[in-house]
Amino acid sequence: MTETFDDLRDLYQEVILDHGRRPRHGRRLETYDATAKGDNPMCGDRVQVWLRYAPDGTIAETGFEARGCAISVASADLMAETVQGRSKSDTAALFATFREMARTGVCPACDPTMERLAPLSGVHEYPSRVKCATLPWHALVAALAGTPGDIKETSSE
Amino acid sequence: MTASFDVARIREDFPILRQTIRGKPLVYLDSGASAQKPRVVIDAMVQCMETQYANIHRGLHWMSERTTDAYEAARDAVATLMNARDRSEIVFTNSVTGALNLVAHSYGRGILKPGQAVVISAMEHHSNIVPWQMLRDSHGIELRVAPIDDAGELDMGAFESLLDDGKVGLVSITHMSNVLGTVTPAERIVKIAHAHGAKVLFDGSQAIVHRRVDVQAIGCDFYAWTGHKLYGPTGIGVLWARREILEAMPPFMGGGDMISSVTYEKSTWAQVPHKFEAGTPAIVEGIGLKAAVDYVQSIGYEAMAAHEATLTDHAIARLSAIEGIKIYGRAQDRGGVISFTLDKAHAHDVATLLDRQGIAVRAGHHCAQPLMQRLGVDSTSRASFGVYTTLEEIDVLADTLTRVREFFTR
Ligand SMILES: Cc1ncc(COP(=O)(O)O)c(C=O)c1O
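In order, the protein sequence lines correspond to chains A and B. First residue of the first sequence? That's 0 in numbering that gives the first Met the number 0, and the numbers climb one at a time after it. First residue of the second sequence? That's 0 in numbering that gives the first Met the number 0, and the numbers climb one at a time after it.
Rather than coming from a laboratory, the hints here were simulated on the basis of the structure. Cβ atoms here follow ideal geometry from the backbone N, Cα and C, with glycine treated the same way. There could be a bad hint or two in this list.
[Stated by the list, open to error] Below, in silico cross-link-like pairs of lysine-lysine (DSS-like), each with a Cα-Cα straight-line distance of 30 Å or less:
1) LYS36(A) to LYS112(B)
2) LYS23(B) to LYS325(B)
3) LYS325(B) to LYS36(A)
[What the hints assert, rightly or not] Quick partial rundown of chain A residues pointing at chain B, CB under 7 Å, derived from the structure:
4) ARG8
5) CYS68
6) CYS106
7) CYS109
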């Protein structure tokens, strides 16, 4: 019966359904160096991200708690996976590239280390869902910047 | 369904329903957010702009007179629709949000006194929460919230006890919840409030789409609604209030059309309702609203309500049978708005999958975040019905939801 939604396979690829259902990094870290919340007031999605840094300042571990759709949970989980071991500036640049991919569906600047994020490019066909994919990244970048408290996702991408 | 209500005939009145979405017939189940427009409304607006459009209440030329008459005819139509005692009790605003803010500003700051309280309910739209919060913070008015029970009905005992100390000056409450579908017991609310010296304002945005509203029978003091949900255009809303209350209220916005005379020392106000209609109003929209009201009257509320009850019963029966679904609100008296969640799929994912099948529903917090909190959810999906909704469309929704759940369960 599910062939009804075959044209949605571009958006809900297996990896998204899987990580949306069973996120590997979906937990709050016991000890952490930075945390921030993302909140999308238009739809009620909420996420909090916790970060632990390695001695050299790169990201050692990322955990998150998300209340949102499959896209936002999967995006948070794949993000946590992808940013591991990256520096702050590298991660900020990664977000810029990811955001462009989510908006346009193409990614000339993507390198092989971003392969895991590629399934999320399907959101570009659903303008109202792009912000689901970028919300955890906004929280992550806010945590990296050390902005305390509640960070609103207000961009209308 | 009664013979007098031929939904296939009705559907022909709505040009948009001939659309297909991604090759599938449009199944529009988002009328609670905004209703589609019948041909007569579209034509009335176009015809005004093509043949007689001019500013109103000010020109002496033929077109202005014609357009003024057409715009003022909307006031008559609305007064009749609501059974107002007098056409001057109908104030046009830009939406129900505008109407509620008008009351909060003018009645709230001009008539209510610091130390008094306003009562709302736990199932209000943000537009019937935020204006009162602003009044609370600027004017020292206490804001009280009447709770609902688990069925989504107003807790009448708790409501009454909120009024016990006699401090409540105004009860501002929904006549029908845009999330739960609950229709509140308007006459009882008015009786209790009046017995405690409080005036009553209803947010009738949803209610007036589904049942006849007779403000004299209800006995309330204010009644507000919004044109675009009643098959009319956006940009126009209605505030009805008793004439003596409107006369006692200070103006809200100042400008053209709302004055009697202006000097630098002092201005005097026009008679009601014009005192509250500063500036050039939504002329074309007013004319469209008249066409919408006439359209609704030609179908008749009795027929609309019967059709809607059939749809709602069918929808609840079909949706309840879906595994893992939760429907929010089980009020005895309810209208055609059904909110639900699926255990395996988030509301946004549900809406996206439905959209791909040509089915338009709303997903999110429905501008009712405190209610969402009360229900213990962040968001729900919501199907809402209009005169053009069919039983077959509800079947399509139910069948598709079953497949949505399978999609996310595998
Ligand atoms: C119960 C209720 N109140 C208020 C509103 C606000 O209507 P508008 O945005 O037209 O002012 C709505 C619709 O969104 C509603 O359903």
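Cross-check of the supplied hints:
For the hint linking LYS36(A) to LYS112(B), the alpha-carbon distance of about 40 Å lies beyond 30 Å, and the restraint is violated. Of the supplied pair hints, the one linking LYS23(B) and LYS325(B) holds, its CA atoms being roughly 27 Å apart against a limit of 30 Å. Only pairs whose Cα atoms come within 30 Å are accepted, and LYS325(B) paired with LYS36(A) is accepted, the gap being roughly 28 Å. Look at ARG8(A): its Cβ only gets to about 10 Å from chain B, farther than 7 Å, so that hint breaks.
Taken as an interface hint, CYS68(A) checks out: its beta carbon lies about 4 Å from the nearest beta carbon of chain B, inside 7 Å. Using the Cβ-Cβ criterion of 7 Å, the hint placing CYS106(A) at the interface with chain B is not satisfied: the shortest such distance is roughly 22 Å. For the restraint placing CYS109(A) at the interface with chain B, the shortest Cβ-Cβ distance is roughly 24 Å, beyond the 7 Å limit, so the hint is violated.
Of the hints listed earlier, those the structure fails to meet are numbers 1, 4, 6 and 7, in rising order.
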